[in-house]
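Below are the chains, spelled out letter by letter.
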Amino acid sequence: MSERVRFSGGRGGRANLAWGQRSIYEAMRQAGPASAHYFNLWRVLPMPRGRGPYTVEQVTSAVVALVARHDSLRSRIALHADGQPFQIVSETGWLERQVLAATEQEAEKAAEGLVLDLAARSFDLVEEWPVRIGLITVDDVVRQVGVVLCHTAVDGYAADIVVRDLRQLLLRGSLARPPSQQVLDLVAEQESGVGRNRSERALAHWEAGYRKGPPTMFPDLVAEPGSPRWSKAMLESRALEDAVTIVAARHHMSTATVLLTAVSALIGTITPHETCVITPIVHNRFRPETRDLVTSLSQLGLFTMSPDPDATLAETLEATLPEAMRAYRHAQYDQLAWEAMVERVSADRAVKVDPSCCFNDMRPVDHSALQESSPGEDAIRTSVTSSRIEWLPGVDHFTCNFCFFVTRQSGILSIGLNADTCRLPQSRMVGLLRAVEELVVESAFRDARPGELEVAP
Amino acid sequence: MQDPLENRLAVMVAAATDDQISADDVLAARHSLAALGVTSLSLIRLVDAIEDEFGVDVDPGLVDDFANLVADVAGRLR
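Chains A and B are the protein sequences, given in the same order.
To convert, note that position 420 of the first sequence is 420 in this note's numbering; the numbers rise steadily by one, no gaps.
To convert, note that position 30 of the second sequence is 30 in this note's numbering; the numbers rise steadily by one, no gaps.
For reference, chain A alone in the conformation it holds in the complex:
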């Protein structure tokens, strides 16, 4: 049964949307209410072991304290007379709660089902606050909490903070320190001189890239649409995980940078462009004050490189690291000013500039050092044979031609591709994922070049 739970606590206020919020808001507006649930985020939290038992009311109180803690979770969007959005942070409001009874054996599965149910509807950005909860009880004791969050309020990193804080509130009843920053303060910072300078610098980086790169990375329709047209393939590979860790440590880079560079280098072998342009989604969590800031902070960065099929991956990594760092650094900008820049550059070039080629590392931000232990060359090479391709549900309409993603499935690194099959047939999608795996695994143990690998047509 769905019901509304009142919350109160925390300050009220109003502000423009932060830049990252604005970018997600635009994407959701374009998708429309029928599809915007695609952007919802969710997490399932089993009740902390050795504590409790927790009643529905106790867990609800912890959620109310959580919502009181983070401005972003009490924020709704309203529109000015000219249609421009702004946000109102409320001191009081409500959130949707569903409670479902299950048996001990079914609790985990029931939680998954409930959270997916709650996530299958778009949030009403104007009327509804951005949190829904689903509680699974066994004999009136809460076993699992599902939290569904609207992407205008959180990104993946913030969703993890939310669950971490909820867990602490359940264990301790309160949290010692306030969050490092709140969304209202972030907006004030972005609108200050410092913020505007940061945005202008970032846009200068983007404009230089947009003026020199190809207008779009996959311009040619080369095949009949697959079913569905935008197919989604995923390669789960322990070999890749072990190998990319070795390569990243060797070059003092993140595993994300290694994968970003490897996929860019391989795109270079299947497209005719002199410059490869790819837009990584950057978490923007580099400053200490962002550590437990709950908002949607991630934005697109711009990475450009000149692919050389005869250069080893090691050489390419060293040569392109400065560009990767610029991409990460210049991913905080005023979204409206960015749109104006794209229009201006497109008008000057007399062609719509839209690389439509993105990279999304969805793993939690890793602030820790790389692990020392590695299974060794033979074991890694052997484990390539057990990596496997899986097809996930695709869609018939989408806004990006090529979305490469990195995630973790049951503890194993997975890379995936959601692509327009008219531009990259399914065989080519699989070929590219396999080529990324091969290039990185080989590079862990010898010099390997993208030009030596065959990507299936």
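FYI, nobody ran anything at the bench for these hints, they're computed from the structure.
Errors might be hidden in some of the hints.
As the list claims (entries may be wrong) - Here are some, though not all, of the chain B residues that point toward chain A, as calculated from beta-carbon distances under 10 Å:
1) P4
2) N7
3) A35
4) L36
5) L43
6) E51
7) D59
8) P60
Only a predicted model underlies this, so the values are computations on that prediction, with no experimental measurement involved.
Note that CB positions come from ideal geometry on N, CA and C, so glycine has one too.
Based on the hints, put chain B in the right spot on chain A.
Chain B in isolation, oriented as in the chain A frame:
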């Protein structure tokens, strides 16, 4: 011999690595920051911290060794 800016930047490098590298190691190093173990992630954090504290914009793509970083920041502060 070391000036206050150099000392301060060494502390900031250490902080950007979550103190996995000490400020003394940074000051003593003769190699690139990468060779010292400063990752690309730490470098972005460092460049952000320099911007916040000194109001100058250092290109993370051009930071190689510590001496150059100090010279770069000093040059921009002049």
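Hint check:
Violation of the interface hint for B/P4 is found here, the shortest Cβ-Cβ separation to chain A being roughly 22 Å, above the 10 Å cut-off. Here the hint on B/N7 is broken, as its CB sits about 20 Å from the closest CB of chain A, past 10 Å. The closest approach between the C-beta of B/A35 and any C-beta of chain A is roughly 8 Å, which is under the 10 Å cut-off, so the hint is satisfied. Using the Cβ-Cβ criterion of 10 Å, the hint placing B/L36 at the interface with chain A is satisfied: the shortest such distance is roughly 9 Å.
The restraint placing B/L43 at the interface with chain A holds, with a minimum CB-CB distance near 6 Å, inside the 10 Å limit. Taking 10 Å as the C-beta cut-off, the interface hint given for B/E51 holds, the closest approach to chain A being about 8 Å. Satisfaction of the interface hint for B/D59 is found here, the shortest Cβ-Cβ separation to chain A being roughly 7 Å, below the 10 Å cut-off. A hinted interface residue such as B/P60 counts as satisfied when its beta carbon comes closer than 10 Å to some beta carbon of chain A; here the least separation is about 4 Å, so the hint holds.
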